[in-house]
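Peer 1: Fit chain S to the known structure of chain G by using the hints.
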Amino acid sequence: MKDSGQKNLQNKTEAFLQEFFGSGEIFVRQLILENERLRRELNAAAPASDSAPEIAPASVVEHLMQRVAELESEIKGRGEDAGYPLLNARIEELETENYHLAAMYVACLQFHANKEPFEVIRTATEILLNFVGLGEFTVFVVDEERKVLFPVVREGGDVEAVEEIGLPGGSLEKMFVRPKAWSRGDPAYTDDQAMMYLPLVSGERLLSVIRLEGFLTQKTSFENNDYSLLAMISEHAGIALDAAWARAFSNAPPLTRSAVEEQLVGA
Amino acid sequence: MTQQPKDTRYNVLVVEDSPPMRKMIVFALSRVRELQVTEADDGVDALRKLAQQRYHLILTDINMPILDGLKLVKRLRADRTYKETPIIIITTEGAAEDRKRALDLGANAYITKPIQAPLVHKIVRQILGLSLT
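Chains as they are written, first to last, in this note's numbering: chain G, 565 to 831; chain S, 34 to 166.
Read the hints as simulated data drawn from the structure, not as lab findings. Among the clues, some could well be false.
Pair ranges (Cβ atoms, derived) [stated by the list, open to error]:
1. K107/S - E787/G: 30 to 38 angstroms
2. G127/S - E634/G: 49 to 57 angstroms
3. G162/S - S637/G: 23 to 31 angstroms
4. K107/S - D750/G: 46 to 54 angstroms
Here are the simulated SDA-like pairs of lysine to any residue, each with C-alpha atoms no more than 20 angstroms apart in a straight line [unchecked claim]:
5. K133/S - T118/S
6. K56/S - V77/S
7. K155/S - R654/G
8. K56/S - A666/G
9. K783/G - I144/S
Built from N, CA and C at the ideal position, the CB exists for glycine as well.
Extracted from the complex, chain S is given alone in its bound form:
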């Protein structure tokens, strides 16, 4: 379970290069009122935003230009601030190899596309230790 933030809202970063997919993940997360969600276009944009503010949870796609999700997970696990921060990877069911690599690198969980909003809620709530109802 991640550390409870002082203002009771958890900062969540969604890293996804596909605009419609990113918007849908943000929409799904916006249904959980304890979250404050920020979007990043790719791994580089994510690193910039992670340096500006403390995030409590990161959801990242794997296949992205410039800096992909696997490299992002590796960078975060080597970072003192984010080495313990929960990371959920967003992947396709067929990409089992990538998923395994991401989990080996230190990602905490994964969700598969097409995403199911109730399942995303459940996983995020479990990881953050929020009530399931």
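For reference, chain G alone in the conformation it holds in the complex:
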């Protein structure tokens, strides 16, 4: 009995829904017909011109809607079949850009986290090797008394085989006399031994120069992002090296209020 009652209720509900939606469909069709009639009257009263084109009949709208649905379906089908090539290419482009920005951030942060001069030089070496893709380069440090660059690290060769470079009178003299961190777009110091001499500068002090000599085997030229990394190394490795060098010879007193205030206001 209970089942029969439930079935009866279900039948009634279905019948009501059918009637409800059936009436709705009839009503919509009547609206479309009325719309068509009004459109014909309007177009008869005011013939189409360039400034007032003929009002599109509902059947045209209906046709267009149908066509839009077809095209949407076609695009969806194509995209799924081809794995959304355009979208994927754009995602890959954004991922690469995102990765480059992260590389800049990580490299910069790492320079300023280094406390010892050798750590700064090691970081510069790792960035040139692993981020830029250079397989041959030599890191020189400036001997400010003798005015020469002396080699400290070499990638892709024996550092003992590298000679010092005199600064006065040489092609790198300008780099020493008027130190300036290298920026994208600046002319690169170069000669037959180097693709580029990259100065590491802090303020108006040249501390080091990296001679970029060759790429890793899989790389043949600099890419756009590499220049940003080189500019970052030129500036931030220079500052980090200067700070690490100063720290190496300082007996930093403990932080106290009087010492800090003396530094801040010269009291």
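Peer 2: For chain S alone, kept in the frame of chain G given last:
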């Protein structure tokens, strides 16, 4: 394909002694939301972490102090827990000999420095059987 973890996140261990390089690999992997990434400074640190938790994928550099990547691969392939776990080695293009040795020892794939984030995503997804999009 490695076994699907219960919590749907794959534990990945990145073994690399260079801090900037390690951070960049972790960053690249962090873009794959199905991964939970842990860092290790070298082979010894890696072994310690591998003993504490089950990992589903290991990416390791080759040239590292104390215990290098080749020795790490050899140790893992002899370990009952990790003998089937996928290992990707991180190497330079020029180090073909090391790469071959690592693959002979049982590494599954390699990526070369400087790493390309989209390529890392693709290889990791393929190895773990994740959707490529």
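Peer 1: Hint by hint, note whether the structure agrees.
Peer 2: Going down the list of hints, with the structure as the test:
Restraint check, K107/S to E787/G: a C-beta distance of roughly 36 angstroms satisfies the suggested window 30 to 38 angstroms. One distance hint, 49 to 57 angstroms for the beta-carbon pair G127/S and E634/G, holds here, with the actual separation near 54 angstroms. Under the hint 23 to 31 angstroms, the C-beta atoms of G162/S and S637/G, about 30 angstroms apart, fit the expected range. Take K107/S and D750/G: their Cβ atoms lie about 48 angstroms apart, and the range 46 to 54 angstroms holds.
Taken as a hint, the K133/S and T118/S pair is honoured in the structure, with Cα atoms around 19 angstroms apart against an allowance of 20 angstroms. For the proposed pair K56/S and V77/S, the alpha carbon gap of about 19 angstroms is at most 20 angstroms, so the pair holds. About 15 angstroms separates the Cα atoms of K155/S and R654/G, which keeps this hinted pair within 20 angstroms; it holds. For the proposed pair K56/S and A666/G, the alpha carbon gap of about 9 angstroms is at most 20 angstroms, so the pair holds.
This hinted pair checks out: K783/G and I144/S have alpha carbons roughly 15 angstroms apart, not beyond 20 angstroms.
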